[in-house]
Amino acid sequence: MTIWKELYEIFVKERQRWHDLSGDKQTLAFEIKANLTFLADGFANKSTAKQLIVGLEDKAFKQMLSKNGDFNRLQTKKLNIATIGRYAEFKKYVGKDTQYLINNAYARLISLKKLSAHW
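Quick note: the sequence shown uses the numbering used here, first residue 1106, plus one each step.
A couple of the hints might just be wrong.
[Claimed, not checked] Once the Cα atoms are required to be at most 20 Å apart in a straight line, the calculated EDC-like pairs of lysine to aspartate or glutamate come out as: (1) K1167 x D1129; (2) K1219 x D1202; (3) K1218 x E1136; (4) K1172 x E1136; (5) K1182 x D1129; (6) K1167 x D1202; (7) K1172 x D1129; (8) K1218 x D1163; (9) K1182 x D1202.
[To be verified] Okay, the calculated beta carbon distance ranges per label pair: (10) E1111 x K1155: 50 to 58 Å; (11) I1115 x D1163: 18 to 26 Å; (12) I1189 x W1109: 47 to 55 Å; (13) S1216 x Q1168: 17 to 25 Å; (14) I1215 x Q1180: 31 to 39 Å; (15) S1216 x K1172: 17 to 25 Å; (16) N1150 x N1185: 28 to 36 Å.
FYI, nobody ran anything at the bench for these hints, they're computed from the structure. Quick caveat, the model's predicted, so the values are computed rather than measured. Glycine is no exception: its CB is placed at the ideal position from the N, C-alpha and C atoms.
Use the sequences and the hints to build the structure in full.
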(Lines of atoms letter the chains of each structure in order from A and count residues from 1; the text may use other names and numbers.)
(Lines give C-alpha, C1' and ligand atoms only; values in the text may rest on other atoms or scores of the structure.)
Protein backbone atom coordinates (compact mmCIF):
# COMPACT_ATOMS: atom_id res chain seq x y z
CA MET A 1 0.00 0.00 0.00
CA THR A 2 1.40 3.36 -0.91
CA ILE A 3 1.82 6.15 1.57
CA TRP A 4 -0.70 8.24 -0.39
CA LYS A 5 -3.36 5.58 -0.14
CA GLU A 6 -2.76 5.22 3.59
CA LEU A 7 -2.95 8.98 4.07
CA TYR A 8 -6.14 9.13 2.03
CA GLU A 9 -7.74 6.38 4.14
CA ILE A 10 -6.82 8.26 7.31
CA PHE A 11 -8.31 11.44 5.84
CA VAL A 12 -11.55 9.66 4.89
CA LYS A 13 -11.90 8.14 8.38
CA GLU A 14 -11.25 11.47 10.10
CA ARG A 15 -13.65 13.28 7.79
CA GLN A 16 -16.36 10.72 8.52
CA ARG A 17 -15.72 11.02 12.26
CA TRP A 18 -16.01 14.82 12.03
CA HIS A 19 -19.18 14.51 9.96
CA ASP A 20 -20.72 12.10 12.48
CA LEU A 21 -19.86 14.41 15.38
CA SER A 22 -21.35 17.39 13.56
CA GLY A 23 -24.60 15.50 13.02
CA ASP A 24 -24.65 14.32 16.63
CA LYS A 25 -24.15 17.89 17.84
CA GLN A 26 -27.06 19.15 15.77
CA THR A 27 -29.29 16.29 16.89
CA LEU A 28 -28.49 16.86 20.56
CA ALA A 29 -29.00 20.62 20.26
CA PHE A 30 -32.38 20.01 18.60
CA GLU A 31 -33.38 17.53 21.32
CA ILE A 32 -32.49 19.99 24.09
CA LYS A 33 -34.40 22.81 22.39
CA ALA A 34 -37.40 20.54 21.77
CA ASN A 35 -37.42 19.45 25.43
CA LEU A 36 -37.28 23.06 26.64
CA THR A 37 -40.07 24.09 24.26
CA PHE A 38 -42.14 21.10 25.33
CA LEU A 39 -41.70 22.03 29.01
CA ALA A 40 -42.63 25.66 28.37
CA ASP A 41 -45.76 24.64 26.46
CA GLY A 42 -46.62 22.07 29.12
CA PHE A 43 -46.36 24.61 31.93
CA ALA A 44 -48.43 27.11 29.94
CA ASN A 45 -51.14 24.48 29.41
CA LYS A 46 -51.00 23.26 33.02
CA SER A 47 -49.99 19.73 32.05
CA THR A 48 -49.45 17.21 34.83
CA ALA A 49 -45.96 16.29 35.97
CA LYS A 50 -46.35 12.80 34.53
CA GLN A 51 -47.42 14.19 31.13
CA LEU A 52 -44.36 16.42 31.09
CA ILE A 53 -41.91 13.74 32.14
CA VAL A 54 -43.21 11.16 29.66
CA GLY A 55 -42.84 13.65 26.80
CA LEU A 56 -39.17 14.43 27.42
CA GLU A 57 -36.66 12.84 25.04
CA ASP A 58 -33.17 11.50 25.76
CA LYS A 59 -32.34 9.44 22.65
CA ALA A 60 -29.80 11.88 21.17
CA PHE A 61 -28.06 12.21 24.53
CA LYS A 62 -27.78 8.45 24.95
CA GLN A 63 -26.58 8.03 21.36
CA MET A 64 -23.86 10.65 21.73
CA LEU A 65 -22.89 9.29 25.14
CA SER A 66 -22.44 5.81 23.67
CA LYS A 67 -20.25 7.11 20.84
CA ASN A 68 -17.75 9.23 22.73
CA GLY A 69 -19.50 11.11 25.50
CA ASP A 70 -17.27 14.18 25.17
CA PHE A 71 -19.82 16.98 25.36
CA ASN A 72 -17.10 19.60 25.79
CA ARG A 73 -16.53 19.26 22.05
CA LEU A 74 -19.93 20.88 21.56
CA GLN A 75 -18.91 24.05 23.38
CA THR A 76 -15.44 24.53 24.81
CA LYS A 77 -16.29 27.63 26.84
CA LYS A 78 -17.55 27.38 30.38
CA LEU A 79 -20.83 28.97 31.39
CA ASN A 80 -20.38 32.62 32.27
CA ILE A 81 -22.45 35.16 34.16
CA ALA A 82 -23.47 37.00 30.98
CA THR A 83 -25.11 33.85 29.62
CA ILE A 84 -27.42 33.33 32.60
CA GLY A 85 -28.53 36.95 32.65
CA ARG A 86 -30.84 37.88 35.48
CA TYR A 87 -31.69 34.31 36.45
CA ALA A 88 -30.05 33.99 39.87
CA GLU A 89 -31.01 30.31 40.23
CA PHE A 90 -28.42 29.48 37.55
CA LYS A 91 -25.49 31.18 39.32
CA LYS A 92 -24.43 27.86 40.83
CA TYR A 93 -23.61 26.67 37.30
CA VAL A 94 -21.31 29.58 36.37
CA GLY A 95 -17.84 28.23 35.58
CA LYS A 96 -19.13 24.73 34.82
CA ASP A 97 -18.21 23.13 31.51
CA THR A 98 -20.55 21.70 28.90
CA GLN A 99 -19.83 18.12 30.01
CA TYR A 100 -21.07 18.87 33.51
CA LEU A 101 -24.11 20.86 32.40
CA ILE A 102 -25.40 18.31 29.90
CA ASN A 103 -24.70 15.31 32.14
CA ASN A 104 -26.41 17.04 35.06
CA ALA A 105 -29.50 17.97 33.04
CA TYR A 106 -29.93 14.51 31.54
CA ALA A 107 -29.19 12.75 34.85
CA ARG A 108 -32.13 14.62 36.32
CA LEU A 109 -34.31 13.89 33.30
CA ILE A 110 -33.53 10.16 33.45
CA SER A 111 -34.11 10.11 37.21
CA LEU A 112 -37.52 11.75 36.77
CA LYS A 113 -38.46 9.23 34.08
CA LYS A 114 -37.55 6.35 36.41
CA LEU A 115 -39.52 7.86 39.29
CA SER A 116 -42.57 8.51 37.11
CA ALA A 117 -42.64 4.86 36.07
CA HIS A 118 -43.65 4.03 39.65
CA TRP A 119 -46.52 6.56 39.88
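#### Entry: Hint check, failures only
2, 11, 14
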